[in-house]
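Participant: In the order they appear, the protein sequences are chains B and U. Last residue of the first sequence: number 421 in full-length UniProt numbering, and the count goes up by one each step with no gaps. Last residue of the second sequence: number 480 in full-length UniProt numbering, and the count goes up by one each step with no gaps.
Careful: at least some of the hints might be erroneous.
Away from chain B, derived, C-beta distances all over 12 Å, residues of chain U [as the list claims (entries may be wrong)]:
1) 55
2) 74
3) 209
4) 231
5) 241
6) 346
7) 371
8) 390
9) 400
10) 432
11) 439
12) 444
13) 447
14) 452
Here are the computed distance ranges between Cβ atoms for each label pair [what the hints assert, rightly or not]:
15) U:368 - B:62: 58 to 68 Å
16) U:170 - B:32: 16 to 26 Å
17) B:283 - U:400: 19 to 29 Å
I should point out that these hints are in silico values taken from the structure, not numbers from a laboratory. Even glycine gets a Cβ: it sits at the ideal position worked out from N, Cα and C.
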Amino acid sequence: MSTRAIPQPVPYKALIFSLAALVRLLLFQVPGLTRVLADQVELSTPLTGYKRVIEGVFLYKSAVPPFEGGACHHAPLLIALFHVLDALPIQCTQIVYITMDLVAAHMMMGIADRKTTMYTSKLKLDIEKGESTGLWIIGALYLFNPMTILSCVSLSTGIFSNTSVIAAIYHALSASASNSMFWLAIASYLSFYPAMLIFPINSILSSGRSLTHYLNVFPKAMGIFGLYLLTLLGISYVFTGSWKFMGSTYGVIIFLKDLTPNIGLFWYFFIEMFDQYRSFFLSVFQIHAFIYAIPLTIRLSQHPLLACTLLCGIMAIFKSYPSAGDACLYLGLLPVHGELRKYTRYDFLVANIFLYSAALAPIFWHLWIYAGSGNANFFYAITLVYNVGQIILLVDLLYSAIRRDFDVANPQTRHWEINHR
Amino acid sequence: MEPSEGVHHMNTDHVSPAGHYGIFPRNVGQTLHHHKVQELHLTFTQGSWSYEHWGYPYQQSAGGGVEMWAWLDGGDDIDSRWISLTNTYAGLFCASLNFIDNTITVQPEFSFKPEGDARAYRTFNASASEPQVRYGALPHESVCTENLTPWKKLLPCKDKAGIASLLNAHKLYDTAFHSMSVHVRQICGDDHCHVRQLELKQTISSVFDPLTATGSPDWSLSAMYGAKINMACPIAEESTVVVDMSHQTLCGISGFEISPKPHSEGIVNVYDLRQDAEDLDIRMTWNDYRRDEHALPEGHGQQNGGLTTVIKNHHSQLYPVTFFDTIPWYLKLYLHTLHIETITNNGQTIRREDIVKTIHYQPAVDRSRPTVLEMQLDLPPNSVTQISINFDKVFLKYTEHRPDANRGFDVGGAVLCTLDPKPVRIYTSPLLISLPTPDFSMPYNVITMTCTVIALFFGSYFNLLTRVFSVRGNAKSKTD
Numbered sequence: 001m002s003t004r005a006i007p008q009p010v011p012y013k014a015l016i017f018s019l020a021a022l023v024r025l026l027l028f029q030v031p032g033l034t035r036v037l038a039d040q041v042e043l044s045t046p047l048t049g050y051k052r053v054i055e056g057v058f059l060y061k062s063a064v065p066p067f068e069g070g071a072c073h074h075a076p077l078l079i080a081l082f083h084v085l086d087a088l089p090i091q092c093t094q095i096v097y098i099t100m101d102l103v104a105a106h107m108m109m110g111i112a113d114r115k116t117t118m119y120t121s122k123l124k125l126d127i128e129k130g131e132s133t134g135l136w137i138i139g140a141l142y143l144f145n146p147m148t149i150l151s152c153v154s155l156s157t158g159i160f161s162n163t164s165v166i167a168a169i170y171h172a173l174s175a176s177a178s179n180s181m182f183w184l185a186i187a188s189y190l191s192f193y194p195a196m197l198i199f200p201i202n203s204i205l206s207s208g209r210s211l212t213h214y215l216n217v218f219p220k221a222m223g224i225f226g227l228y229l230l231t232l233l234g235i236s237y238v239f240t241g242s243w244k245f246m247g248s249t250y251g252v253i254i255f256l257k258d259l260t261p262n263i264g265l266f267w268y269f270f271i272e273m274f275d276q277y278r279s280f281f282l283s284v285f286q287i288h289a290f291i292y293a294i295p296l297t298i299r300l301s302q303h304p305l306l307a308c309t310l311l312c313g314i315m316a317i318f319k320s321y322p323s324a325g326d327a328c329l330y331l332g333l334l335p336v337h338g339e340l341r342k343y344t345r346y347d348f349l350v351a352n353i354f355l356y357s358a359a360l361a362p363i364f365w366h367l368w369i370y371a372g373s374g375n376a377n378f379f380y381a382i383t384l385v386y387n388v389g390q391i392i393l394l395v396d397l398l399y400s401a402i403r404r405d406f407d408v409a410n411p412q413t414r415h416w417e418i419n420h421r
Numbered sequence: 001m002e003p004s005e006g007v008h009h010m011n012t013d014h015v016s017p018a019g020h021y022g023i024f025p026r027n028v029g030q031t032l033h034h035h036k037v038q039e040l041h042l043t044f045t046q047g048s049w050s051y052e053h054w055g056y057p058y059q060q061s062a063g064g065g066v067e068m069w070a071w072l073d074g075g076d077d078i079d080s081r082w083i084s085l086t087n088t089y090a091g092l093f094c095a096s097l098n099f100i101d102n103t104i105t106v107q108p109e110f111s112f113k114p115e116g117d118a119r120a121y122r123t124f125n126a127s128a129s130e131p132q133v134r135y136g137a138l139p140h141e142s143v144c145t146e147n148l149t150p151w152k153k154l155l156p157c158k159d160k161a162g163i164a165s166l167l168n169a170h171k172l173y174d175t176a177f178h179s180m181s182v183h184v185r186q187i188c189g190d191d192h193c194h195v196r197q198l199e200l201k202q203t204i205s206s207v208f209d210p211l212t213a214t215g216s217p218d219w220s221l222s223a224m225y226g227a228k229i230n231m232a233c234p235i236a237e238e239s240t241v242v243v244d245m246s247h248q249t250l251c252g253i254s255g256f257e258i259s260p261k262p263h264s265e266g267i268v269n270v271y272d273l274r275q276d277a278e279d280l281d282i283r284m285t286w287n288d289y290r291r292d293e294h295a296l297p298e299g300h301g302q303q304n305g306g307l308t309t310v311i312k313n314h315h316s317q318l319y320p321v322t323f324f325d326t327i328p329w330y331l332k333l334y335l336h337t338l339h340i341e342t343i344t345n346n347g348q349t350i351r352r353e354d355i356v357k358t359i360h361y362q363p364a365v366d367r368s369r370p371t372v373l374e375m376q377l378d379l380p381p382n383s384v385t386q387i388s389i390n391f392d393k394v395f396l397k398y399t400e401h402r403p404d405a406n407r408g409f410d411v412g413g414a415v416l417c418t419l420d421p422k423p424v425r426i427y428t429s430p431l432l433i434s435l436p437t438p439d440f441s442m443p444y445n446v447i448t449m450t451c452t453v454i455a456l457f458f459g460s461y462f463n464l465l466t467r468v469f470s471v472r473g474n475a476k477s478k479t480d
């Protein structure tokens, strides 16, 4: 991996960043908006809700063990962070959240930049020569995605895990294995699922060379990752004084003890599940979320960054407590793969499904919970629609990548009929 | 007594030296001995006591439903003994006490202190470990005849003689409030506690409102209970009926007549059943009736997913009380939203630190234990204290809902305990909270639809991950 000698200033970057910060600052000023958004199930899950962090901090300050009850499922170090932030005025918390978003956008632009460098040595289609997505577009698409803005204003703690994932990918592209594993360990520590990214990230670190090279790099990275993760858990143990936090953070993620609705597939399924089959389906669902990591890494060994993006998408659909913030992460990484744009078949459909579910989810929620004129099926239906939309998008992306690879390898077959075997 | 409503309390004590079951019911004595119970309190209540209209109850009642608490010998197996005890009494009283499991049982810190003589227990159980309290309440439980019959069977004369002959289930449950309890405690037989005695106290309170029932404030025992008291239970040492006239005397209310003439007259009229030869039917007739109000309000309301309790102190002195509330796990409380505000009569707001002495908070664990909020408060003279806390409603599995899911869940009220001058417990009314329900007819549909969506993704990805593109045959003919 070659590091760039002189970083070129990105056009419009300062403008976009200051505008994004301004929009968020203004929204924070709207009275009660944070509270309303923090109660929205689309934005806050039991694992990321701001109200629950504050409760955890309050219990900790009142010398009640925060992880003994069922109110707080956040990682202990987040409680520690908010314990500090709680002592400061609320503006400090808001600035931390805004900074997180800006840092994430900055690193996303860095990822796009390094990807361009990485792909210069690779074969391209004729029509792709000379075209590139402006870095500022990537930053702007992430920062001005309405879901990113609302997630940020709702003070959902998912932003910390998102930024850590982006940092892990960013450092991997900078060939800094230790840093990358550090951030990946933080992301896994905060929300468990990003641990599966270790496979494609190692693929980035071994820069798509031979399998033996990959297998040489992997154990070392795994060791560093494990070491960081154990350290984080150790610090948490020292902070809380017991291992009980494991049960109320990872235990809740894995065993789905809290059935609060969210935009994922788990909640209604396990509300309605027959008790005899609960553990069977729970294991199937959880294993299912992880099974794509290795096949995708192998199939996309030449495009590990795309494998990362797709796995982030899979997490956003199939994790036990997804929120709109999780979708922001992979939607932010999408424009990095601008070359696939020509191959996607359903982008209009997917865009419409996103808009449709974004409009109807809060309405159906209101009908069910407040108005009483709808029932749980309304909201369930809209989560299905949303997830089908995301599934179509992810399937379309993988198809595009494979199809493009074929065209790159066989430039003479343009306009030929292709057998899908 | 409030003239329009007759508050009736019955109270029976039987005391037996431990281990002798002459008149003491053997089933109670032996089950307590077996479970190493120091004292036991079991109360069945229907309706809620209106402190505003009826003042303080003469006998301790409880919030709606069934409440059971006991001090047990604190061995390692205390929890299993408690569960076994609740199951035993479920059988004994034909009540659903067996539903008091770990998700409901709590251990209060400051409230529900033992009422018996601790010496009695310690002297005769030198090896016993420090007793512990267990408390459980079922606000949903409805009280009916099948609970009354076993209660009556504990009496030495059953319902054949004495005051208990009034207990006609048809009339008794047709009242505004009904509460029935059994209290067992250990007391000392002499000053040095050489003799240990087991005391069983059975009480029944019911509130009749003749004004609503008959349209007239006049009442009589035969009209209310459909029976008269014919004689005292022959083995009773004492058997009296008391008509409390303190309200009329203190407020100077007149214009009524009571017949027959009591054996002793005054602020309370006492009828001694052992002296009466003929059937006793006390009646009160009004010539001139005027209703008045006296206030001691208590409230426990639901508001935007929050619980609010208002405590008023009408005394002109500082009043220490214990506030105890146990909230089921399906209401997720946020302690950081606990708000305590006190305003005195002259409009002065008092700081929270000056009121709350200690807080004991035990957060709920989903599906295994309820939240316990216990506070020791110093209520300033002539003040109103408002305690409020917010909660989130938890989404339950469809099997965890009751068959009548849309009726909502009963949540027991809070309990205020005072120790000074004598132990009094005030119960706020229980709540009915509706939780969001899933569609109970959907399990198969949800399983199939969600699985279809997952299969759609799995199938597509499996297909794409294993797919190889190739040029069809030598089909160059398609070129342009």
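Participant: Taking the hints in turn, state whether each one holds.
Facilitator: Taking the hints in turn, this is what the structure says about them:
no., hint, result
1, 55, "37 Å, holds"
2, 74, "21 Å, holds"
3, 209, "35 Å, holds"
4, 231, "58 Å, holds"
5, 241, "51 Å, holds"
6, 346, "32 Å, holds"
7, 371, "8 Å, violated"
8, 390, "9 Å, violated"
9, 400, "9 Å, violated"
10, 432, "16 Å, holds"
11, 439, "5 Å, violated"
12, 444, "9 Å, violated"
13, 447, "7 Å, violated"
14, 452, "9 Å, violated"
15, U:368 - B:62: 58 to 68 Å, "22 Å, violated"
16, U:170 - B:32: 16 to 26 Å, "55 Å, violated"
17, B:283 - U:400: 19 to 29 Å, "21 Å, holds"
Checked against the numbered hints above, the structure violates hints 7, 8, 9, 11, 12, 13, 14, 15, 16; every other hint is satisfied.
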